[in-house]
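*Asks:* Here's the letter readout for the chains.
There are 2 protein chains.
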Amino acid sequence: MLRATVRIELKKGVLDPQGVTIKNSLVDMGYPEVGNVRSGKVFVIDLDVDDHDKARSILDEMCTKLLANPVVETYTIEELQ
Amino acid sequence: MLRATVRIELKKGVLDPQGVTIKNSLVDMGYPEVGNVRSGKVFVIDLDVDDHDKARSILDEMCTKLLANPVVETYTIEELQ
Chain B
0 MLRATVRIEL KKGVLDPQGV TIKNSLVDMG YPEVGNVRSG KVFVIDLDVD
50 DHDKARSILD EMCTKLLANP VVETYTIEEL Q
Chain V
0 MLRATVRIEL KKGVLDPQGV TIKNSLVDMG YPEVGNVRSG KVFVIDLDVD
50 DHDKARSILD EMCTKLLANP VVETYTIEEL Q
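Sequences listed follow chains B and V, in order. In terms of numbering that gives the first Met the number 0, the first sequence opens at residue 0 and continues consecutively. In terms of numbering that gives the first Met the number 0, the second sequence opens at residue 0 and continues consecutively.
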């Protein structure tokens with residue numbers, strides 16, 4: 000069994016209202032040193048697969064089809080072990 | 000300036016309906032090898048601070064006060080550079 004960590008982020012240039020709201024809230028709360036904030040998602044996925052290459056290919060498919068919207072998001076397979 | 004990556008995850012034992020839905024969808028889509036799925040959030044935060052220790056202490060405060068709900072979530076400062 001392998002456990003994968005997949006990170007989904009908005010592409011550069013895509014507006015991130017959640018990130019802007021968090022940045023403004025943090026500045027208002029007394030953290031003027033906060034600059035840009037970008038928000039994203041992370042999924043930890045257990046796979047009943049032992050082969051790393053096979054797992055990576057399944058993850059690529061799953062990210063493209065369901066987890067990320069390739070028009071505005073990118074995905075990164077961060078860990079696989 | 001430092002850029003931090005902060006990951007927010009549900010504590011073990013806390014129900015994760017989004018993760019369950021994604022797991023079920025992936026199995027239905029033809030990926031029976033998918034086991035447990037846990038969902039979380041990730042924030043990339045730019046800080047106008049040069050000292051790593053100061054940045055870490057600010058991030059700890061921000062996570063406890065705004066970014067994570069310490070009752071059901073844990074946070075990890077993944078990268079700071």
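Among the hints, erroneous ones may be present.
Pairs involving identical chains hold if they fit within one copy or between any two copies, as the list cannot separate such chains.
What the hints assert, rightly or not - Simulated pairs of lysine to aspartate or glutamate, DMTMM-like, Cα-Cα distance not exceeding 20 Å:
#	residue 1	residue 2
1	K10	D27
2	K53	E32
3	K40	E78
4	K10	E72
5	K64	D27
6	K11	D49
7	K40	D15
8	K40	D50
Hints are computed from structural coordinates only; laboratory data are not their basis. None of the values given here were measured: they were computed from a predicted structure.
*Asks:* Confirm or reject each hint.
*Replies:* Evaluation of the provided hints:
1. K10 <-> D27: neither (27 Å within a copy, 28 Å between copies)
2. K53 <-> E32: between (44 Å within a copy, 11 Å between copies)
3. K40 <-> E78: Both. Shortest intra-copy (15 Å) and inter-copy (16 Å) distances satisfy the 20 Å Cα cut-off.
4. K10 <-> E72: So K10 and E72 pass the 20 Å test inside one copy only (5 Å; across, 26 Å).
5. K64 <-> D27: Result: close only across copies, 13 Å inter versus 39 Å intra.
6. K11 <-> D49: Neither. Shortest intra-copy (34 Å) and inter-copy (24 Å) distances fail the 20 Å Cα cut-off.
7. K40 <-> D15: both (13 Å within a copy, 14 Å between copies)
8. K40 <-> D50: Neither way: K40 and D50 sit 25 Å apart in one copy and 27 Å across, limit 20 Å.
Of the numbered hints stated above, those contradicted by the structure are hints 1, 6 and 8, listed in ascending order.
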